[in-house]
Amino acid sequence: MNLEQKIEAILFFKGEPMSRKRLSEFLGVGQIEVNESLEKLKENLKDRGIVLQEKENEITLGTRPELSDIIEKLQKEELNKELSKASLETLSIILYKNGVGRSLIDYIRGVNSSFTLRALSIRGLIEKSIDPEDSRRYIYKPTFELLSFMGVKSVEELPDYQLVNSSIESTAQNFSDELKNEENL
Amino acid sequence: MNLEQKIEAILFFKGEPMSRKRLSEFLGVGQIEVNESLEKLKENLKDRGIVLQEKENEITLGTRPELSDIIEKLQKEELNKELSKASLETLSIILYKNGVGRSLIDYIRGVNSSFTLRALSIRGLIEKSIDPEDSRRYIYKPTFELLSFMGVKSVEELPDYQLVNSSIESTAQNFSDELKNEENL
Amino acid sequence: MEAAETEAIKDSAYQIKTSAFEGPFHLLLSLIEERKFFINDLSLAQVTEDYLSYLNKLEEYKTDEISNFIVIAATLILIKSKSLLPNLNLTSEEESDIHNLEDRLKLYELYIKLGVKIKEIFGEKIIFAPLERKHDTLVFLPDERITKENMMTFAREALGRIPKKVFLPEVEVKKVMSIEEMIEKLTERIESSLQMSFKDFSGVAKTREEKVVVIIGFLAMLELVRQGILHVAQENNFEDIIIKKQI
Numbered sequence: 001m002n003l004e005q006k007i008e009a010i011l012f013f014k015g016e017p018m019s020r021k022r023l024s025e026f027l028g029v030g031q032i033e034v035n036e037s038l039e040k041l042k043e044n045l046k047d048r049g050i051v052l053q054e055k056e057n058e059i060t061l062g063t064r065p066e067l068s069d070i071i072e073k074l075q076k077e078e079l080n081k082e083l084s085k086a087s088l089e090t091l092s093i094i095l096y097k098n099g100v101g102r103s104l105i106d107y108i109r110g111v112n113s114s115f116t117l118r119a120l121s122i123r124g125l126i127e128k129s130i131d132p133e134d135s136r137r138y139i140y141k142p143t144f145e146l147l148s149f150m151g152v153k154s155v156e157e158l159p160d161y162q163l164v165n166s167s168i169e170s171t172a173q174n175f176s177d178e179l180k181n182e183e184n185l
Numbered sequence: 001m002n003l004e005q006k007i008e009a010i011l012f013f014k015g016e017p018m019s020r021k022r023l024s025e026f027l028g029v030g031q032i033e034v035n036e037s038l039e040k041l042k043e044n045l046k047d048r049g050i051v052l053q054e055k056e057n058e059i060t061l062g063t064r065p066e067l068s069d070i071i072e073k074l075q076k077e078e079l080n081k082e083l084s085k086a087s088l089e090t091l092s093i094i095l096y097k098n099g100v101g102r103s104l105i106d107y108i109r110g111v112n113s114s115f116t117l118r119a120l121s122i123r124g125l126i127e128k129s130i131d132p133e134d135s136r137r138y139i140y141k142p143t144f145e146l147l148s149f150m151g152v153k154s155v156e157e158l159p160d161y162q163l164v165n166s167s168i169e170s171t172a173q174n175f176s177d178e179l180k181n182e183e184n185l
Numbered sequence: 001m002e003a004a005e006t007e008a009i010k011d012s013a014y015q016i017k018t019s020a021f022e023g024p025f026h027l028l029l030s031l032i033e034e035r036k037f038f039i040n041d042l043s044l045a046q047v048t049e050d051y052l053s054y055l056n057k058l059e060e061y062k063t064d065e066i067s068n069f070i071v072i073a074a075t076l077i078l079i080k081s082k083s084l085l086p087n088l089n090l091t092s093e094e095e096s097d098i099h100n101l102e103d104r105l106k107l108y109e110l111y112i113k114l115g116v117k118i119k120e121i122f123g124e125k126i127i128f129a130p131l132e133r134k135h136d137t138l139v140f141l142p143d144e145r146i147t148k149e150n151m152m153t154f155a156r157e158a159l160g161r162i163p164k165k166v167f168l169p170e171v172e173v174k175k176v177m178s179i180e181e182m183i184e185k186l187t188e189r190i191e192s193s194l195q196m197s198f199k200d201f202s203g204v205a206k207t208r209e210e211k212v213v214v215i216i217g218f219l220a221m222l223e224l225v226r227q228g229i230l231h232v233a234q235e236n237n238f239e240d241i242i243i244k245k246q247i
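Protein chains in written order, with this note's numbering: chain A, 1 to 185; chain B, 1 to 185; chain C, 1 to 247.
Don't read these hints as lab results, they were simulated from the structure. A few of these clues could be false.
[What the hints assert, rightly or not] In silico SDA-like pairs for lysine to any residue, Cα to Cα no more than 25 Å straight-line:
no., chain 1, residue 1, chain 2, residue 2
1, B, Lys-76, A, Pro-132
2, B, Lys-73, A, Glu-33
3, C, Lys-134, A, Gln-173
4, C, Lys-119, B, Gly-99
5, B, Lys-55, C, Lys-148
6, B, Lys-73, C, Gly-123
7, B, Lys-85, C, Leu-159
8, A, Lys-141, C, Arg-133
9, C, Lys-113, B, Glu-157
10, B, Lys-73, A, Arg-118
11, B, Lys-81, B, Leu-41
12, C, Lys-125, B, Gly-99
13, A, Lys-81, C, Ser-43
14, C, Lys-82, C, Ser-43
15, A, Lys-180, A, Ser-114
16, C, Lys-134, A, Leu-52
17, A, Lys-81, A, Lys-180
18, B, Lys-85, C, Ile-39
19, A, Lys-46, B, Lys-85
20, B, Lys-14, A, Glu-82
21, C, Lys-148, A, Met-150
22, B, Lys-14, C, Leu-141
23, C, Lys-106, C, Glu-49
24, A, Lys-42, C, Lys-148
25, B, Lys-76, A, Ile-122
26, C, Lys-125, B, Ser-68
27, A, Lys-85, A, Ser-121
28, C, Lys-164, A, Ser-121
29, C, Lys-148, C, Leu-159
30, B, Lys-14, B, Leu-104
Source: prediction; values computed, not measured.
Pulled out of the complex, with its shape left as it was, chain A reads as follows (with noise of 0.2 Å):
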């Protein structure tokens, strides 16, 4: 694999900006080469409809200028879609246990829910911190225009809190024991 591809990988993984110099750095090799790379990538991406954008010394992959009219109006037909039912599902799932980790969600849904709590965060219902417990993984909650959409000023004052929050609770109990039962094999 050349250094070109190994750029726009990254780049389009990431989805920000990077600096040149982060770049050779994480790449292991000089400036002059990345610029080369860079310069080549511009090229290539010429007659693309992703281009390659600089700012001052950030550089990014971002959408062609003369398409924006088309990822505009993408972008507002998805957020005015309606909301799926794995969305209402995973968002009540958050409401009852604020600051909830992924994989107890999923957990409780049976199924993987990523792409459900992206589109939950991009439309601002509910906001991921790092989970304080644990570095590398996120916890959901709900966001305070949510709760105040929804008329209350707290999680506990949702219909039955103490009973469904309870449960939840005592799911995620039997998850961890399922857990530690894995491990203990």
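Keeping the supplied structure of chain A fixed, place chains B and C upon it in accordance with the hints.
The following block gives chains B and C in isolation, referenced to the frame of chain A:
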């Protein structure tokens, strides 16, 4: 701007799987044009850092499998690369049959697979959908996540896929006969 | 998974290290492979006893999964009986059971082999989807279905769908008699009456479980034949097997 560029930009922006149908509706062009442009896009991405992945009627962009090591270093969330024996058996049936009901999985494995199916579904490696041939049943299919972990752009790239698929079809008749017998019990 | 499943069966002719979760096919396949056999009725007849001795061991601590093993045992015993009693006439249903077992085993073997290939490449060269894109514009787009009542209903429904005890098979199977129990019962009955019909002894089997019991009884009888206790005479192909005490 041509269709291929538009599609590339849309897939890049979305960063998630999209159906061919949605693409053609959104762009207001026929399915045939979309398919043609996707073929061209695939061809153009041949020597790039990103690839087009396909699964039935869905498509998505991802990083090139050969660049796995580099991108993995950028990935913060932990990756679970372990598969139990039961998971391997179940996954090989689902991958090579590409859409299979639980009763057939159980029949081939000789054991009840519901626990394994749930665990794989929570990991996001398989997904269930309603059987198009019988709306009372579910069929299990590989997800993009599973194809990604296998480093393939489509199921056809799986080792010995064509070979195995033809040999399975001939033997599969017995199962459907047997399954029908069991239902009549 | 529980530790008991991985416990090896120490006193078996072959050291079988397998788990209940992996099921009867995995057990059969390892027995056949250890003897470097191919899958056919001959090799299946040869491994039947090892299979059954494993089944007996399994029953001691893992009653939940035994049904999977018993169903296959029934067919194995058919195969074994045919090899012990060459003039035993099998019904077409029994013939097709035997044929199906061979086919299923071959297919299982194929998927095991494919599983090995999957294991080799899984997680080696991963195609990564892009990370979540950061959005500059803060939006708040709720949905009129997000109400207090709806959210409670959704949460409760999701919680209600969690399988209660995922380790158990979904269908409860009646506890099946063990081979030992059956041998004891059979011996008692033989001693009390010199001649009896196998059908009398087993009753008329209707359900699958009952059929399994009949077959376990049949095996037990063959086991006794092997031990020289009984003499089995099947005088006419379609008649009952008459059980007599050997003199």
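Verification of the supplied hints:
1. B:Lys-76 x A:Pro-132: 16 Å, holds
2. B:Lys-73 x A:Glu-33: Measuring from Cα to Cα gives roughly 21 Å; hence the hint holds.
3. C:Lys-134 x A:Gln-173: The hint is violated at about 34 Å.
4. C:Lys-119 x B:Gly-99: 20 Å, holds
5. B:Lys-55 x C:Lys-148: 38 Å, violated
6. B:Lys-73 x C:Gly-123: At roughly 14 Å apart (the allowed maximum being 25 Å), Gly-123 (chain C) and Lys-73 (chain B) satisfy the hint.
7. B:Lys-85 x C:Leu-159: 29 Å, violated
8. A:Lys-141 x C:Arg-133: 19 Å, holds
9. C:Lys-113 x B:Glu-157: 17 Å, holds
10. B:Lys-73 x A:Arg-118: Cα-Cα ~22 Å, so holds.
11. B:Lys-81 x B:Leu-41: 31 Å, violated
12. C:Lys-125 x B:Gly-99: Status holds; Cα separation ~24 Å.
13. A:Lys-81 x C:Ser-43: Cα-Cα ~60 Å, so violated.
14. C:Lys-82 x C:Ser-43: This hinted pair holds, its Cα atoms lying about 13 Å apart.
15. A:Lys-180 x A:Ser-114: 24 Å, holds
16. C:Lys-134 x A:Leu-52: 17 Å, holds
17. A:Lys-81 x A:Lys-180: 40 Å, violated
18. B:Lys-85 x C:Ile-39: With Cα atoms ~21 Å apart, Lys-85 (chain B) and Ile-39 (chain C) stay inside 25 Å; holds.
19. A:Lys-46 x B:Lys-85: Cα-Cα ~48 Å, so violated.
20. B:Lys-14 x A:Glu-82: 17 Å, holds
21. C:Lys-148 x A:Met-150: 6 Å, holds
22. B:Lys-14 x C:Leu-141: This hinted pair holds, its Cα atoms lying about 18 Å apart.
23. C:Lys-106 x C:Glu-49: 20 Å, holds
24. A:Lys-42 x C:Lys-148: 51 Å, violated
25. B:Lys-76 x A:Ile-122: Roughly 20 Å between the alpha carbons, so the hint for Lys-76 (chain B) and Ile-122 (chain A) holds.
26. C:Lys-125 x B:Ser-68: Holds - the C-alpha atoms of Ser-68 (chain B) and Lys-125 (chain C) are around 5 Å apart, at most 25 Å.
27. A:Lys-85 x A:Ser-121: 16 Å, holds
28. C:Lys-164 x A:Ser-121: Cα-Cα ~31 Å, so violated.
29. C:Lys-148 x C:Leu-159: 17 Å, holds
30. B:Lys-14 x B:Leu-104: 36 Å, violated
Violated hints, listed in ascending order, are 3, 5, 7, 11, 13, 17, 19, 24, 28, 30; each of the other numbered hints is respected by the structure.
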